[in-house]
Amino acid sequence: METGIGFIRDLEVSVGHMNIERWDEPQGPTPFPTITTFRNWDRQLLSRYKPFYMPFCDLCCLCTFGKCDLTGTKRGACGITMAAQQSRIVLLASCIGAATHVSHAHELVSELIKRFGPDFRLDPGGLSVGVEAPLIRLVCGLKPETLSDLETVVSYLEREVTSLLSATHTGQEGDPLDLESKVFHSGMIDHVGLEVADIAQISGFNFPKADPDAPLIRLGVKGIDTKKPVILVIGHNVTPSVSIMEYLKEFHSADSAEVTGICCSAIDLSRNNKKARIIGPISWQMRYIRSGIPDVIVVDEQCIRTDVINEAGAVNTRVIATSEKNCIGLPDRTNDTAESIINDLVSNKLPGVLILDPLKSAQVAVETSLRIFEERRRTHRPFSEAEANEAALNCTGCMECVRSCPNELPIPDAIQSFRDGNPVNLRELLDLCNGCIRCEQACPKGIPVHRLIVYSGWEKLNNEQFTVRAGRGAIQDTEIRTVGGPLVLGEIPGIIAFVGCANYPNGGEEVARMAVEFAHRKYIVCTSGCSAITIGMYHDEDGKTPYEAYSGKFDAGCILNVGSCVSNAHISGAAVKIANIFAKRNLRGNYEEIADYVHNRVGAVGIAWGAMSQKAAAIAAGFWRLGIPVIVGPQGTKYRRMLLGRGDIDSDWTVMDSRTGEEVYTGPVPEHLFYAAETEEEAMMMAAKLCMRPNDTGKGRIIKITHYIDLYRKLYGKIPDDIYRFIRKKGDIPLTLKDSIEENLKMHNWKESPIPDPTRIRSYEGKSGESKR
Amino acid sequence: MTSHGSWMRAEIAGPKKAVVINKTEVVTALLKRFRSPVLIIGSRSTEIELNGGKLISYLARIAEVWKIPVVTTNRSASLYFAEIRRHSFPIPVIEIANLLSDPGWKGISENGTPDLAIFSGLPYSMEWTLLSGLKHFAPHLKTLSLEYGYEPQADYSLPNLDMNKFHEILSFIGRGE
Ligand code: SF4
Ligand code: SF4
Ligand code: SF4
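These protein sequence lines map, in sequence, to chains A and B. Mapping the first sequence onto numbering that gives the first Met the number 0, position 295 (from 1) lands on 294, and the numbers just tick up by one. Mapping the second sequence onto numbering that gives the first Met the number 0, position 141 (from 1) lands on 140, and the numbers just tick up by one.
In case anyone wonders, no lab produced these hints; they're calculated from the structure. Keep in mind the model is a prediction, meaning the values are calculated, not measured. Any given hint might turn out to be false.
Unchecked claim - With a straight-line Cα cutoff of 20 Å, these simulated EDC-like cross-link-like pairs (lysine to aspartate or glutamate) come out:
#, chain 1, residue 1, chain 2, residue 2
1, A, K73, B, D154
2, A, K459, A, E384
3, A, K543, A, E516
4, B, K105, A, D647
5, A, K717, B, D114
6, A, K274, A, E249
7, B, K105, A, D649
8, A, K713, B, D114
9, B, K141, B, E109
10, B, K105, A, D68
11, B, K105, A, D721
12, B, K164, A, D412
13, B, K16, A, D68
14, A, K324, A, E338
15, B, K105, A, D651
16, A, K745, B, D154
17, B, K141, B, D114
18, B, K15, A, D651
19, B, K53, A, E407
20, A, K745, A, D721
21, A, K728, A, D649
22, B, K53, A, E384
23, A, K221, A, E458
24, A, K713, B, E46
Said to hold, decoys possible - Chain A is nowhere near these chain B residues, computed Cβ spacing over 12 Å in every case:
#, residue
25, R8
26, E10
27, G13
28, A28
29, K105
30, L133
31, S170
Even for Gly, the Cβ is constructed at its ideal location relative to N, Cα and C.
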């Protein structure tokens with residue numbers, strides 16, 4: 000393979016069997032990029048979107064030279080500055096996230112090879128998806144056709160994550176921007192890992208294949224049939240959960256147990272089997288485990304409460320751990336007979352076991368639940384009214400719970416009302432509560448605060464049935480062809496992707512409201528992971544959930560669920576496919592050109608309103624390298640740095656016009672790359688603003704500006720003062736707002752500017768050269 | 000209630016922590032000393048209820064008496080200022096913090112870089128992190144937090160207070176003495 004990169008030569012043996020010859024697209028300049036390949040591109044982005052650091056700690060304690068005080072201009076014993084230290088922490092977080100996804104992908108691929116063999120053909124989209132793996136094609140320059148092709152990709156990803164992690168060692172990378180460039184690299188690697196994982200599981204576990212009409216899945220606790228055994232799966236790696244469904248079908252019947260799930264394992268299980276029930280997002284773990292409903296909990300990996308064994312034990316629920324990465328202290332019974340393990344669980348000799356064999360863990364989960372569930376139903380005693388009253392009586396109003404609650408919920412007042420016979424205030428807290436239990440840890444009186452909140456709200460929970468559309472996976476090539484033009488020209492105002500965890504500042508309703516608002520405004524709304532679940536948990540006036548009310552087709556005014564965390568690859572993949580399928584740009588090993596295209600032309604924005612994990616950091620970083628902005632909620636400032644543009648500095652906002660070779664002013668589009676909003680209204684205003692791109696046509700810009708002004712007005716009650724920066728020609732002015740905008744233009748001595756054929760990569764030389772500027 | 004230590008228990012700061020303002024006169028002395036202050040009013044200002052009304056009503060009074068330009072970061076505070084027919088600059092909080100970190104920034108109405116940024120009514124953790132950014136990367140600026148919870152990342156902060164005491168302090172500042 001012709002490439003200047005040593006690694007790819009090393010890989011030639013292992014990729015020798017890949018059907019590269021059958022792919023006639025010429026190899027691009029950067030297959031299998033290393034951690035410095037896109038340093039120039041990253042620096043282009045970072046020259047506009049400068050890091051704004053918000054250290055979470057004045058100190059560094061990463062090595063025994065420390066602790067070092069890095070306050071202000073002080074340097075650590077290794078010479079590092081506070082700015083570099085913050086970038087290093089962001090890189091560490093993003094590496095953790097990328098490593099987690101890549102490892103998850105590796106396990107899925109290995110498991111599927113075990114089941115179906117290495118030559119099993121990938122089929123993530125049937126006939127409607129020709130570009131089956133846009134990110135792998137783009138980054139690796141490969142066209143994967145079989146599971147073993149994915150192994151090649153995973154080897155590359157693992158190598159990159161190791162290099163990236165090594166850059167965080169003491170006395171290694173010390174320049175903040177070089178560290179940031181590595182953050183971007185980790186994000187790009189992460190997205191390739193996501194794609195590997197999802198196309199493998201779609202193909203192997205027969206998930207919906209780019210299906211806009213994927214089935215609606217039951218969501219919530221209402222209607223769980225407790226006359227049957229109830230199994231709960233938590234985590235992200237769907238293999239053990241799918242095995243449970245398969246075992247039930249083969250040895251009992253699919254309906255002989257209720258299989259329920261939380262977080263992404265639930266999402267992915269429902270893609271495999273529409274009978275699975277999704278309980279809720281990650282924040283619902285505690286309320287559901289403590290309800291005592293599940294008889295057996297099967298945990299796999301990622302985002303699982305580490306105290307699951309204690310909480311399950313308290314309600315006599317058995318736990319089965321199934322991942323090498325999450326053994327939670329349980330005895331490894333992988334090599335014992337299923338019967339002996341079941342006996343030990345049924346007799347309560349063991350509260351839980353580790354079984355590193357998905358088929359055996361499925362058998363043990365099902366058989367154990369069948370044997371214990373009737374006894375558990377008889378003996379389980381829910382938190383009683385008397386216990387609730389007694390707990391409430393102990394409250395002294397000391398505020399320690401409030402001072403530990405991430406959302407500062409007014410717990411003592413609510414408990415006081417409860418004592419006075421009014422449970423409404425406590426009940427209302429349930430919608431705002433993230434289930435972290437910090438309040439209980441803090442309470443000097445040992446009051447089970449969260450339990451009390453759930454007790455007050457349970458009846459309401461138990462009466463609400465929602466739906467979420469099963470994750471559809473990829474976006475069809477034909478859908479991309481249809482929307483590519485209107486999106487790139489700006490006539491569909493943008494793609495808004497609601498992604499990430501459930502650490503919401505004011506409960507999940509805000510996310511659902513935002514999704515509906517943008518769908519109503521004819522944006523393309525994509526969802527994934529816990530955000531996808533959360534959005535399903537609301538009804539409109541007609542009693543419909545957003546997935547019932549809006550289409551699942553990738554088009555203006557949709558709300559479509561791509562799937563779990565790993566399905567985020569289809570959102571970045573869709574942006575990339577627009578460049579390839581609509582604009583006919585080569586994908587193969589051609590990252591920089593495609594990122595330049597996406598950044599300048601595809602008005603996409605991610606909103607991770609409750610992002611809290613390192614995986615969410617890595618997912619965000621993958622969007623940043625493509626120049627796609629991400630907005631987080633107020634808790635997101637704890638990621639420690641934002642990437643903010645300065646709309647007021649004109650010289651930051653030029654691109655090269657490919658037609659003339661001249662640098663031209665475009666206005667601050669998009670203005671920021673990583674942004675934390677304080678309120679829902681601000682996030683919406685900013686998302687609309689960040690959808691603008693230099694390439695918008697006059698008609699497209701009018702549409703985008705109209706949404707921006709409207710949402711800005713709703714936020715601040717007037718038209719934005721910076722509107723003149725987004726008007727390039729008089730033709731960009733919406734007629735209905737002509738007078739007020741023209742006044743604004745006059746006030747700011749506005750001058751017309753051209754609408755370029757924009758690029759930022761041609762502003763610097765070659766692939767390895769220095770910046771021209 | 001202890002008056003020292005972060006309001007949010009786990010958000011421990013240091014070694015460099017805000018000077019705790021135990022005497023209200025210190026705030027008024029600061030307001031007299033700084034040439035170019037700005038008051039940043041967050042979304043919680045219309046939720047927090049004190050004896051004499053919402054937090055924002057105290058802040059509006061303080062801004063008026065001390066002639067401090069106001070930035071409202073959010074919808075409810077902006078509407079409040081519009082209703083009382085007083086001017087505020089609507090700027091998202093992350094953007095104003097970023098602007099404040101730039102010593103070359105010309106100021107909200109190009110009337111000079113602020114030398115004192117006063118924060119009030121923001122979500123606690125968000126204010127904590129933004130103040131940390133300014134503590135480390137805006138040596139040209141001093142920050143003052145007017146919240147009922149101690150914000151250690153500011154240069155100066157009120158201690159942890161009950162609502163009566165908070166009311167007394169804000170009322171005193173609002174008298175402009
Ligand atoms: S890594 Fe550097 S700054 Fe951190 S503790 Fe070690 S010497 Fe100090
Ligand atoms: S910490 Fe416990 S005792 Fe104190 S206010 Fe909260 S619930 Fe009541
Ligand atoms: S469990 Fe809920 S109420 Fe308790 S601290 Fe966490 S978010 Fe607050």
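For each hint, the structure was consulted:
Restraint check: the Cα-Cα separation between A:K73 and B:D154 comes to about 18 Å, which is no more than 20 Å; the hinted pair holds. Note on A:K459 and A:E384: the hinted pairing holds, with a Cα-Cα distance of about 16 Å set against a maximum of 20 Å. Between the alpha carbons of A:K543 and A:E516 the distance comes to roughly 15 Å, so the proposed pair stays at or under 20 Å and holds. A C-alpha spacing of about 10 Å is found between B:K105 and A:D647, which places the hinted pair at or below 20 Å, so the restraint holds.
For the hint linking A:K717 to B:D114, the alpha-carbon distance of about 28 Å lies beyond 20 Å, and the restraint is violated. Taken as a hint, the A:K274 and A:E249 pair is honoured in the structure, with Cα atoms around 15 Å apart against an allowance of 20 Å. For the given pair, B:K105 sits about 14 Å from A:D649 by alpha-carbon distance, which is consistent with the 20 Å threshold. Proximity of A:K713 to B:D114 is assessed by CA-CA distance (about 31 Å); at most 20 Å being required, the pair is judged violated.
Annotation: proposed proximity of B:K141 to B:E109 holds, straight-line Cα distance about 19 Å (limit 20 Å). The straight-line distance between the Cα atoms of B:K105 and A:D68 is roughly 32 Å, outside the 20 Å bound, and the hint therefore fails. Under the criterion of a C-alpha separation no larger than 20 Å, the hint pairing B:K105 with A:D721 is consistent with the structure, at around 16 Å. With a C-alpha separation of about 19 Å, the suggested pairing of B:K164 with A:D412 holds against the 20 Å cut-off.
For the hint linking B:K16 to A:D68, the alpha-carbon distance of about 13 Å falls within 20 Å, and the restraint holds. Distance restraint check for A:K324 and A:E338: the Cα-Cα separation of roughly 25 Å exceeds the 20 Å cut-off, and the hinted pair is therefore not satisfied. Taking the CA atoms of B:K105 and A:D651, the gap is near 17 Å; set against the 20 Å cutoff, the hint holds. Of the supplied pair hints, the one linking A:K745 and B:D154 is violated, its CA atoms being roughly 41 Å apart against a limit of 20 Å.
Simply put, B:K141 and B:D114 have alpha-carbon atoms about 6 Å apart, close enough for the 20 Å limit, and the pair holds. Restraint check for B:K15 and A:D651: not satisfied, since their Cα atoms lie roughly 34 Å apart, outside the 20 Å limit. The straight-line distance between the Cα atoms of B:K53 and A:E407 is roughly 18 Å, inside the 20 Å bound, and the hint therefore holds. Distance check on the hinted pair: A:K745 and A:D721 sit about 12 Å apart at the alpha-carbon level, within 20 Å; holds.
Proximity of A:K728 to A:D649 is assessed by CA-CA distance (about 17 Å); at most 20 Å being required, the pair is judged to hold. For the hint pairing B:K53 with A:E384, the CA-to-CA distance comes to about 36 Å; that exceeds 20 Å, so the pair is violated. A C-alpha spacing of about 10 Å is found between A:K221 and A:E458, which places the hinted pair at or below 20 Å, so the restraint holds. Straight-line distance between C-alpha atoms of A:K713 and B:E46 comes to about 19 Å, which keeps the hinted pair within the 20 Å bound.
The Cβ of B:R8 sits about 5 Å from the closest Cβ of chain A, inside the 12 Å cut-off, so the non-interface label is violated. Under the 12 Å C-beta cut-off, the non-interface status given to B:E10 relative to chain A is violated; the minimum distance is some 8 Å. Distance check for B:G13 against chain A: the nearest CB is about 6 Å away, which does not clear 12 Å, and the non-interface claim fails. Every beta carbon of chain A lies more than 12 Å from that of B:A28, the smallest distance being close to 24 Å; the non-interface claim holds.
Here B:K105 does not stay apart from chain A, with its beta-carbon only about 9 Å from theirs, under the 12 Å limit. Distance check for B:L133 against chain A: the nearest CB is about 9 Å away, which does not clear 12 Å, and the non-interface claim fails. Here B:S170 stays apart from chain A, with its beta-carbon at least about 23 Å from theirs, past the 12 Å limit.
In this structure, the hints that do not hold are numbers 5, 8, 10, 14, 16, 18, 22, 25, 26, 27, 29, 30, in rising order.
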